[in-house]
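Can you build the whole structure from these sequences, using the hints too?
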Amino acid sequence: MDNPIEDIPKIIQFILGSSQKNEKEQKRYVDEITKYYQQNVEYKNFIFYIASNKHSLENFIALNRFYRVFIWSDKTRINDIWYNEETKKAVIEVTQTMRRGIFFWIERRTRLIIKLDLTYGNDGKYIIRRQEDLLQPEEFAGSLIPLVVPTLIAIQKFIFSAIVIGIGRCLELIGCS
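Residue numbers are given in UniProt numbering: position 94 of the sequence shown equals residue 94, and the series is strictly consecutive.
Rather than coming from a laboratory, the hints here were simulated on the basis of the structure. Treat the hints with caution; some may be incorrect.
Claimed, not checked - Restricting the straight-line Cα-Cα distance to at most 30 Å, the calculated cross-link-like pairs of lysine-lysine (DSBU-like) are: (1) LYS88 <-> LYS157; (2) LYS44 <-> LYS10; (3) LYS35 <-> LYS24; (4) LYS24 <-> LYS10; (5) LYS89 <-> LYS54; (6) LYS115 <-> LYS54; (7) LYS44 <-> LYS24; (8) LYS44 <-> LYS54; (9) LYS35 <-> LYS125; (10) LYS10 <-> LYS27; (11) LYS157 <-> LYS75; (12) LYS75 <-> LYS24; (13) LYS88 <-> LYS27; (14) LYS89 <-> LYS75; (15) LYS75 <-> LYS44; (16) LYS115 <-> LYS35; (17) LYS75 <-> LYS88; (18) LYS125 <-> LYS44; (19) LYS125 <-> LYS157; (20) LYS88 <-> LYS54; (21) LYS35 <-> LYS88; (22) LYS44 <-> LYS89; (23) LYS115 <-> LYS89; (24) LYS88 <-> LYS44; (25) LYS10 <-> LYS54; (26) LYS157 <-> LYS115; (27) LYS115 <-> LYS10.
Unchecked claim - Label-pair distances were calculated between CB atoms; the ranges are: (28) LYS75 <-> ILE5: 19 to 29 Å; (29) LYS125 <-> ALA162: 42 to 52 Å; (30) ASN122 <-> VAL148: 42 to 52 Å; (31) ALA62 <-> LEU152: 25 to 35 Å; (32) SER161 <-> GLN39: 37 to 47 Å; (33) GLY124 <-> ARG169: 14 to 24 Å; (34) ILE11 <-> GLY168: 36 to 46 Å.
Even for Gly, the Cβ is constructed at its ideal location relative to N, Cα and C.
See the structure below:
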């Protein structure tokens, strides 16, 4: 990438690992990933972690192949991109509308924040050395089993929040600050 702000929207489908339906698209995907990612890329989300090592790019590609099995439809909208030239970090806010999992006939919007750490490759262009996907658990669970699981997780969060807030108020009453 020459300019991350301009180039990230062009490669967002590769960053998200969006579906490749046939062998030609899969080969193009691997070629593009190899072009835009460092060989020892580090990847992290709330379920998976790929440590930076000599096989991490291959592992990242394999993980994205696994994701593709569960996505039937994928539409992506970039809401915002932030980039800091000094730290070489980019943050992308994305909304994906997808059909996924068991209930593949239901489309669901999922909001995702992607943090990228960039570095310079051998050709002097930016490449991705670390990617972190930030996603709320109910967003992920809702894409697999809509309605029921997200509602249960939201109720759980509400109950835990009420308990912790209550404990915090009690601590305030007894003088702990």
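Hints, verified against the model:
{"no.": "1", "hint": "LYS88 <-> LYS157", "result": "violated, 34 Å"}
{"no.": "2", "hint": "LYS44 <-> LYS10", "result": "holds, 22 Å"}
{"no.": "3", "hint": "LYS35 <-> LYS24", "result": "holds, 17 Å"}
{"no.": "4", "hint": "LYS24 <-> LYS10", "result": "holds, 19 Å"}
{"no.": "5", "hint": "LYS89 <-> LYS54", "result": "holds, 22 Å"}
{"no.": "6", "hint": "LYS115 <-> LYS54", "result": "holds, 22 Å"}
{"no.": "7", "hint": "LYS44 <-> LYS24", "result": "holds, 28 Å"}
{"no.": "8", "hint": "LYS44 <-> LYS54", "result": "holds, 16 Å"}
{"no.": "9", "hint": "LYS35 <-> LYS125", "result": "holds, 10 Å"}
{"no.": "10", "hint": "LYS10 <-> LYS27", "result": "holds, 18 Å"}
{"no.": "11", "hint": "LYS157 <-> LYS75", "result": "holds, 29 Å"}
{"no.": "12", "hint": "LYS75 <-> LYS24", "result": "holds, 20 Å"}
{"no.": "13", "hint": "LYS88 <-> LYS27", "result": "holds, 29 Å"}
{"no.": "14", "hint": "LYS89 <-> LYS75", "result": "holds, 25 Å"}
{"no.": "15", "hint": "LYS75 <-> LYS44", "result": "holds, 22 Å"}
{"no.": "16", "hint": "LYS115 <-> LYS35", "result": "holds, 19 Å"}
{"no.": "17", "hint": "LYS75 <-> LYS88", "result": "holds, 27 Å"}
{"no.": "18", "hint": "LYS125 <-> LYS44", "result": "holds, 23 Å"}
{"no.": "19", "hint": "LYS125 <-> LYS157", "result": "violated, 43 Å"}
{"no.": "20", "hint": "LYS88 <-> LYS54", "result": "holds, 22 Å"}
{"no.": "21", "hint": "LYS35 <-> LYS88", "result": "holds, 18 Å"}
{"no.": "22", "hint": "LYS44 <-> LYS89", "result": "holds, 15 Å"}
{"no.": "23", "hint": "LYS115 <-> LYS89", "result": "holds, 7 Å"}
{"no.": "24", "hint": "LYS88 <-> LYS44", "result": "holds, 18 Å"}
{"no.": "25", "hint": "LYS10 <-> LYS54", "result": "holds, 27 Å"}
{"no.": "26", "hint": "LYS157 <-> LYS115", "result": "holds, 25 Å"}
{"no.": "27", "hint": "LYS115 <-> LYS10", "result": "holds, 17 Å"}
{"no.": "28", "hint": "LYS75 <-> ILE5: 19 to 29 Å", "result": "holds, 22 Å"}
{"no.": "29", "hint": "LYS125 <-> ALA162: 42 to 52 Å", "result": "holds, 50 Å"}
{"no.": "30", "hint": "ASN122 <-> VAL148: 42 to 52 Å", "result": "holds, 49 Å"}
{"no.": "31", "hint": "ALA62 <-> LEU152: 25 to 35 Å", "result": "holds, 31 Å"}
{"no.": "32", "hint": "SER161 <-> GLN39: 37 to 47 Å", "result": "holds, 43 Å"}
{"no.": "33", "hint": "GLY124 <-> ARG169: 14 to 24 Å", "result": "violated, 56 Å"}
{"no.": "34", "hint": "ILE11 <-> GLY168: 36 to 46 Å", "result": "holds, 44 Å"}
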